[in-house]
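The whole structure should be built from the sequences, with the hints applied where relevant.
Number of protein chains: 2
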Amino acid sequence: MDVQQRFGERLATLRKEKGWSQEKLALESEIARSYLGGVERGQRNISLINICKLAKTLGVTTSELMDF
Amino acid sequence: MDVQQRFGERLATLRKEKGWSQEKLALESEIARSYLGGVERGQRNISLINICKLAKTLGVTTSELMDF
Numbered sequence: 001m002d003v004q005q006r007f008g009e010r011l012a013t014l015r016k017e018k019g020w021s022q023e024k025l026a027l028e029s030e031i032a033r034s035y036l037g038g039v040e041r042g043q044r045n046i047s048l049i050n051i052c053k054l055a056k057t058l059g060v061t062t063s064e065l066m067d068f
Numbered sequence: 001m002d003v004q005q006r007f008g009e010r011l012a013t014l015r016k017e018k019g020w021s022q023e024k025l026a027l028e029s030e031i032a033r034s035y036l037g038g039v040e041r042g043q044r045n046i047s048l049i050n051i052c053k054l055a056k057t058l059g060v061t062t063s064e065l066m067d068f
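Taken in sequence, the protein lines are chains F and S.
Sequence positions in the first sequence follow UniProt numbering and run 1 to 68.
Sequence positions in the second sequence follow UniProt numbering and run 1 to 68.
Check before you lean on any hint, since a few could be wrong.
Identical copies go unnamed one by one, so any copy, or any two together, can satisfy a pair.
Simulated crosslink set (BS3-like; lysine-lysine; CA at most 30 Å straight-line) [what the hints assert, rightly or not]: (1) Lys16 - Lys56; (2) Lys53 - Lys16; (3) Lys24 - Lys56.
Keep in mind the hints are simulated off the structure, nothing from the lab.
Put into structure tokens, the structure is as follows:
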């Protein structure tokens, strides 16, 4: 599995642990839902700023989000 | 300090701990030296793939590199 897929799985796991839908995460993080879907499917090479935005939104450290 | 600056500082710290120059890290990671300079100065919004490449090259986990 490549790093994009591993990150996507990690993101989906943390999102589901909060009981959030992709729509909810998109709304809270101000990142487009369609883009988030691509990230979770491992199809996006997400940037540092968006990684940090998602970590903050999910209430985890960037290091925890990147623990895959 | 924004996340790009914080990441840049973290990268430079880990690189110097290995006693490497930016040239050495560029060579080993196959990432352009000029780009790395911009990342360390906090001027680049680096991508997931390059973050993971740098972590692997420095011999740390992605989570450790993103611990800032």
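**Message:** For Lys53 and Lys16, with the copy left unspecified, which applies at a CA distance of at most 30 Å: within, between, both, or neither?
**Reply:** Intra 17 Å, inter 28 Å, cutoff 30 Å: intra and inter.
**Request:** Can you give me the call for Lys16 and Lys56, within, between, both or neither, at a CA distance of at most 30 Å?
**Result:** both (16 Å within a copy, 28 Å between copies)
**Intra- versus inter-copy proximity for Lys56 and Lys24 (alpha-carbon distance at most 30 Å)** = within (14 Å within a copy, 33 Å between copies)
The structure is consistent with each of the numbered hints, conforming to all of them.
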